[in-house]
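> Sequence:
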Amino acid sequence: MKKNYWLFALLVFIIGIGCKKPNSGVPDGNNGGDNGGNNGGDTTVFTLGEPQIKPLPVVYQEEYNAGTVKPGDHTQHMLDLSYCESDPDRIYMAQDVCNIWVSKNNGQDWFTLRNEGLLSPFVISVEVDPLNKNRVLAAVQCRYYDDVNQNYQGIYQSLDGGINWQKKMARTQLGEVRSSTKLITYAPTSKDPVLGYATRWYAAFSEYKETLNGDELIADDGLLYSDDGGSSWAEVRKLPAPDFGEKIRGIKVHTTKPEKVFLYGTGGLYRFEDATNPSGGVTKLSGRNGLAEGDIWGKLYQSPSGNVLIVAVSRKGIYKSTNAGSSWTLLYDWKDVNYCYVNESFPDKIFAVPYENSAMQIRISDDGGQTWNEPTNPNIQYRPGYGGGNWIKKLNGQFTYILPDPRNVNNVFIHTKSKNFRSTDGGVSWTVSDDGFNGSSQNGAEQMFDPVNPDRFAYFMTDRSVIVTTTRGRWFQKNTVVPENFGINWKTCLAGALHPSEPVVLACVGRSPNGKLLRSGDNGVTWSLASDGNKARWVVAYDLQNPNYCYQSNERSSDGGQSWTQLPNMPANSIICGVSRSNGSIIYAMNALGGGTKKRVWASADRGDSWQLVIDAAWDLTFPGPNNMFVFTVDPLNPNIVYTSSSNGHITKWDVSVSPAQPTNISINGVSEPDFFINLFAIDPRHPGVMYAANQRANTGNAVFRSIDGGVSWQNISNYIPQGSIKGLSVSPVTGEVYISGQNGSLVMLPPYATSNTAYEVVPYTNNHLVEPYN
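Adding 88 to a residue's 1-based position in the sequence shown gives its number in our numbering.
Since the hints were made in silico from the structure, they are not lab data.
The beta-carbon is built from N, C-alpha and C at its ideal position, and this holds for glycine as well.
Errors might be hidden in some of the hints.
Stated by the list, open to error - DSS-like cross-link-like pairs, simulated, lysine-lysine; straight-line CA separation at most 30 Å:
#, residue 1, residue 2
1, Lys142, Lys192
2, Lys623, Lys686
3, Lys372, Lys345
4, Lys815, Lys686
5, Lys505, Lys158
6, Lys372, Lys279
7, Lys279, Lys255
8, Lys326, Lys345
9, Lys623, Lys566
10, Lys687, Lys815
11, Lys423, Lys482
12, Lys345, Lys279
13, Lys192, Lys255
14, Lys326, Lys255
15, Lys815, Lys192
16, Lys348, Lys408
Claimed, not checked - Listed next, with one range per pair, are the computed distances between beta-carbon atoms:
#, residue 1, residue 2, range
17, Ser414, Arg266, 29 to 35 Å
18, Asn541, Gly477, 32 to 38 Å
19, Pro591, Asp708, 45 to 51 Å
Generate the whole structure from the sequences, applying the supplied hints.
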């Protein structure tokens, strides 16, 4: 440690005293500098009862004015949908990045589920038992960027409608096919009324898995079966890409013969003649007897006898066999077709879905494929404010799944391009059917809030960039970021900050983990490039006392973020990791990039002109997995107190006013489960004894915690919050409200003390999260 550190510490102390009040940007509260929840003369009463939580999704002014009270802010795709044969009103949706949703009324309203025990949130297929609507099977994997979930992939079963899950077969290299799929299914003849469920089940997984290095065939492929309703599984054989195609999209069991199984995907259509026999024969049906070679999407139709088969070959047409596949005829010659779905109770009702870039509309036949019609485009409109372009009015694309109602030929549900619609007239007209389905995720940021005005805050969002509200969340400004205008290939916002007194917003936008810095001078209406270069900018922050100064990456601005210069003396491989709220000239940097040790933190008391090493940890301070992001929080009142990850995945509090820095470990409720790691940590700026923490691992029952005594004890509030992929955790400095977000949508939670001027009180939404068994 350099000798002049003590001069640095003295300077930090003097500046901290001079800036603790009235220009700190921190409203009155616990100003004693301690981290107790109710000390230092503060008379606030803190209680840890049941948390009060509401959805706070993105709603545009047009929709808010229309009086919608069950908003749905789409973004995420569903890879598989399934209804229960004994109760078709019960529909499950498998979200590609976050858990399983449920509808109890045929898709009109949607609910998140606790999903506890579904230990990876990336669901690629779901199927519900035909006799028991609460008995559900799902296949989950981990995306290429999230290998922390690697060991938790596999087949899971729920016996209570998705509230709780148990892993039934591990599959640590499960493939990733991002299109509508049906990878798990049951044999219709195995439905056992005495047992109350179908006994014979099959699952099929292909070799394809997206990786950081490109499209590589590395997944653990195979055909599996179960004879006890999915409770145990055995692998029959491998499904190598040269023989069965690199992407398997679906599997279906013969209607009358449980040993015959159809499989389809990029390799075409196959039939296993004796599916549980490792040496059983396999017949490739594609490329012969009239069925064209090609990629098969959608769902294979079989008549009750098994003689009639209907299937779409992508970009070629829809084909039909009347003799169990021995010969085929072209039923519909349409080169734009992508999917085919048939109402199995009314097989004359056929839906043909085109691929997205065709810009064509869905086509529907009511006479078994003899004639085809399209719905009227103006009748297909999404929620007010979303416009009427092809993304909305064209029901097409690779993530389209159709569920015809087996009870009524005119009723049909569709998920397409992350939106849900229903039709009650056979597809002539469509209405929105995603009430409660809030899939938009904001990534959180300490300075996403105006420090004095509760009406103004911003969502820095995955996929949807930056969206600002000046109405306390009633409605949001529409996003206008066009990636092509700035030379970036996506619009995810990784970090950002609001100017404390002007309508200025800074945002790092791109594709994780890198982006360019954009600036808006009108609360997000228009944008300009502030700092070029596609690089990590994981903390963006203003000096709240002198907002002409702001910081991000290894750069500083002295004109409110309009222009930026590189800090010449920053330590090698380091990135700015924190800026003090109470004294914005004090900033911190971590060597988390490139060849850095990822164990060191430096501090600067002069806006980054000079640096002192203040933390040299014995462990890696960054997240486990392929990225180098980190937990780093500066105490909102005392700039000498900072928080990082601890060696066991919990939190370490550091006092850097002494040398060496003094660490104190904070244990989050004594949790010691495998791979537990707090990747989100936030402190209430008004009451620093009030803290929040979120676990990187999902669905373990240990997702989100809060403390009112500075981290001495913690309340587990995971039961009240969707547990998968929590990405945002931030506390308003004005109201103390907690903004929590993941790919199941964005939420707002009241603090554990009385407050006012809250978003919670003005948004008219109700909680749609199910934590107990339901009807």
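> Each hint needs a verdict: does it hold in this structure or not?
Okay, the hints, checked on the actual structure:
1. For the hint pairing Lys142 with Lys192, the CA-to-CA distance comes to about 20 Å; that is within 30 Å, so the pair holds.
2. With a C-alpha separation of about 17 Å, the suggested pairing of Lys623 with Lys686 holds against the 30 Å cut-off.
3. Taken as a hint, the Lys372 and Lys345 pair is honoured in the structure, with Cα atoms around 18 Å apart against an allowance of 30 Å.
4. At roughly 21 Å between alpha-carbon atoms, Lys815 and Lys686 fall within 30 Å of each other, so this suggested pair holds.
5. A hinted pair counts as satisfied when its Cα atoms are at most 30 Å apart, and Lys505 with Lys158 qualifies at roughly 20 Å.
6. Straight-line distance between C-alpha atoms of Lys372 and Lys279 comes to about 28 Å, which keeps the hinted pair within the 30 Å bound.
7. The suggested pairing of Lys279 with Lys255 holds, with an alpha-carbon distance near 23 Å, which does not exceed 30 Å.
8. Between Lys326 and Lys345, the direct Cα distance comes to roughly 22 Å. Compliance with the 30 Å bound is thereby established for this hinted pair.
9. Distance check on the hinted pair: Lys623 and Lys566 sit about 26 Å apart at the alpha-carbon level, within 30 Å; holds.
10. Restraint check for Lys687 and Lys815: satisfied, since their Cα atoms lie roughly 23 Å apart, inside the 30 Å limit.
11. With a C-alpha separation of about 17 Å, the suggested pairing of Lys423 with Lys482 holds against the 30 Å cut-off.
12. Between Lys345 and Lys279 the CA atoms are separated by roughly 13 Å; this keeps the pair inside 30 Å, and the hint holds.
13. Taking the CA atoms of Lys192 and Lys255, the gap is about 25 Å. The hint holds against a cut of 30 Å.
14. Between Lys326 and Lys255 the CA atoms are separated by roughly 21 Å; this keeps the pair inside 30 Å, and the hint holds.
15. A C-alpha spacing of about 28 Å is found between Lys815 and Lys192, which places the hinted pair at or below 30 Å, so the restraint holds.
16. Between Lys348 and Lys408 the CA atoms are separated by roughly 19 Å; this keeps the pair inside 30 Å, and the hint holds.
17. For the pair Ser414 and Arg266, the beta carbons lie near 34 Å from each other, so the given range of 29 to 35 Å is met.
18. Against the hinted window of 32 to 38 Å, the Cβ-Cβ separation of Asn541 and Gly477 comes to about 34 Å, which satisfies the hint.
19. Checked against the hint of 45 to 51 Å, the C-beta distance between Pro591 and Asp708 comes to roughly 40 Å, which is inconsistent with it.
This entry does not satisfy hint 19, going by the numbered hints stated previously; all others are met.
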